[in-house]
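J.: Sequence:
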Amino acid sequence: IVTDRFLFNNGYADQITSVLKAAGVETEVFFEVEADPTLSVVRKGAELANSFKPDVIIALGGGSPMDAAKIMWVMYEHPETHFEELALRFMDIRKRIYKFPKMGVKAKMIAVTTTSGTGSEVTPFAVVTDD
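Under this note's numbering, the residues of the sequence shown are numbered 1 to 131, in order.
One or more of the hints may lead you astray.
Okay, derived cross-link-like pairs now, SDA-like style, lysine to any residue, Cα gap no bigger than 25 Å in a straight line [stated by the list, open to error]:
no.: 1; residue 1: Lys102; residue 2: Val41
no.: 2; residue 1: Lys44; residue 2: Pro79
no.: 3; residue 1: Lys102; residue 2: Ser18
no.: 4; residue 1: Lys106; residue 2: His82
no.: 5; residue 1: Lys108; residue 2: Phe31
no.: 6; residue 1: Lys108; residue 2: Gly119
no.: 7; residue 1: Lys53; residue 2: His82
no.: 8; residue 1: Lys44; residue 2: Ala111
no.: 9; residue 1: Lys108; residue 2: Asp36
no.: 10; residue 1: Lys102; residue 2: Phe8
no.: 11; residue 1: Lys44; residue 2: Val29
no.: 12; residue 1: Lys108; residue 2: His78
no.: 13; residue 1: Lys108; residue 2: Glu80
no.: 14; residue 1: Lys44; residue 2: Val127
no.: 15; residue 1: Lys106; residue 2: Phe6
no.: 16; residue 1: Lys21; residue 2: Phe8
no.: 17; residue 1: Lys21; residue 2: Leu39
no.: 18; residue 1: Lys53; residue 2: Arg43
no.: 19; residue 1: Lys102; residue 2: Asp130
no.: 20; residue 1: Lys102; residue 2: Glu121
no.: 21; residue 1: Lys44; residue 2: Ala126
no.: 22; residue 1: Lys102; residue 2: Ala23
no.: 23; residue 1: Lys53; residue 2: Val41
no.: 24; residue 1: Lys53; residue 2: Ala107
no.: 25; residue 1: Lys21; residue 2: Ser51
no.: 26; residue 1: Lys21; residue 2: Pro79
no.: 27; residue 1: Lys21; residue 2: Ser40
no.: 28; residue 1: Lys53; residue 2: Gly104
no.: 29; residue 1: Lys44; residue 2: Asp130
no.: 30; residue 1: Lys44; residue 2: Val112
no.: 31; residue 1: Lys53; residue 2: Gly117
no.: 32; residue 1: Lys106; residue 2: Asn9
no.: 33; residue 1: Lys53; residue 2: Gly24
no.: 34; residue 1: Lys21; residue 2: Ala35
Think of the hints as simulated: they come from the structure by calculation, not from any bench.
Could you put the whole structure together from the sequences, leaning on the hints where they help?
T.: Laid out in structure tokens, this is it:
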């Protein structure tokens, strides 16, 4: 589960993990996502995913946890992918040479929104700050 500290501290992640654990599903929660997530935080979450090896990534929260989870998912599914290649797709139309990789082989992604308005749960796009 990818979420932020507020939702984690207020028990929202527990509502999901308790149901999964009762069903015998192992869980791991990454709750270090802050508003306007940075690439360093996303990479840290991707490292956790690579060690835990989930078959489902659940993004819980508003736009920031969802955006972070999307990039973590790409980095988990395709560790050979470089963030710069993903960003080029949107920075300069003449440099759009990156072919987006096939997703959903290692893991599926589920978006559980706790806010309205961002729309991050229904788009393939993500906003992450390259720090």
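J.: Determine for every hint whether it applies to the structure shown.
T.: Right, here's what the structure says about each hint:
no.: 1; hint: Lys102 / Val41; result: 24 Å, holds
no.: 2; hint: Lys44 / Pro79; result: 13 Å, holds
no.: 3; hint: Lys102 / Ser18; result: 31 Å, violated
no.: 4; hint: Lys106 / His82; result: 18 Å, holds
no.: 5; hint: Lys108 / Phe31; result: 19 Å, holds
no.: 6; hint: Lys108 / Gly119; result: 19 Å, holds
no.: 7; hint: Lys53 / His82; result: 20 Å, holds
no.: 8; hint: Lys44 / Ala111; result: 20 Å, holds
no.: 9; hint: Lys108 / Asp36; result: 23 Å, holds
no.: 10; hint: Lys102 / Phe8; result: 31 Å, violated
no.: 11; hint: Lys44 / Val29; result: 12 Å, holds
no.: 12; hint: Lys108 / His78; result: 13 Å, holds
no.: 13; hint: Lys108 / Glu80; result: 19 Å, holds
no.: 14; hint: Lys44 / Val127; result: 16 Å, holds
no.: 15; hint: Lys106 / Phe6; result: 29 Å, violated
no.: 16; hint: Lys21 / Phe8; result: 16 Å, holds
no.: 17; hint: Lys21 / Leu39; result: 30 Å, violated
no.: 18; hint: Lys53 / Arg43; result: 15 Å, holds
no.: 19; hint: Lys102 / Asp130; result: 24 Å, holds
no.: 20; hint: Lys102 / Glu121; result: 19 Å, holds
no.: 21; hint: Lys44 / Ala126; result: 17 Å, holds
no.: 22; hint: Lys102 / Ala23; result: 29 Å, violated
no.: 23; hint: Lys53 / Val41; result: 18 Å, holds
no.: 24; hint: Lys53 / Ala107; result: 8 Å, holds
no.: 25; hint: Lys21 / Ser51; result: 19 Å, holds
no.: 26; hint: Lys21 / Pro79; result: 28 Å, violated
no.: 27; hint: Lys21 / Ser40; result: 29 Å, violated
no.: 28; hint: Lys53 / Gly104; result: 13 Å, holds
no.: 29; hint: Lys44 / Asp130; result: 13 Å, holds
no.: 30; hint: Lys44 / Val112; result: 21 Å, holds
no.: 31; hint: Lys53 / Gly117; result: 31 Å, violated
no.: 32; hint: Lys106 / Asn9; result: 29 Å, violated
no.: 33; hint: Lys53 / Gly24; result: 16 Å, holds
no.: 34; hint: Lys21 / Ala35; result: 28 Å, violated
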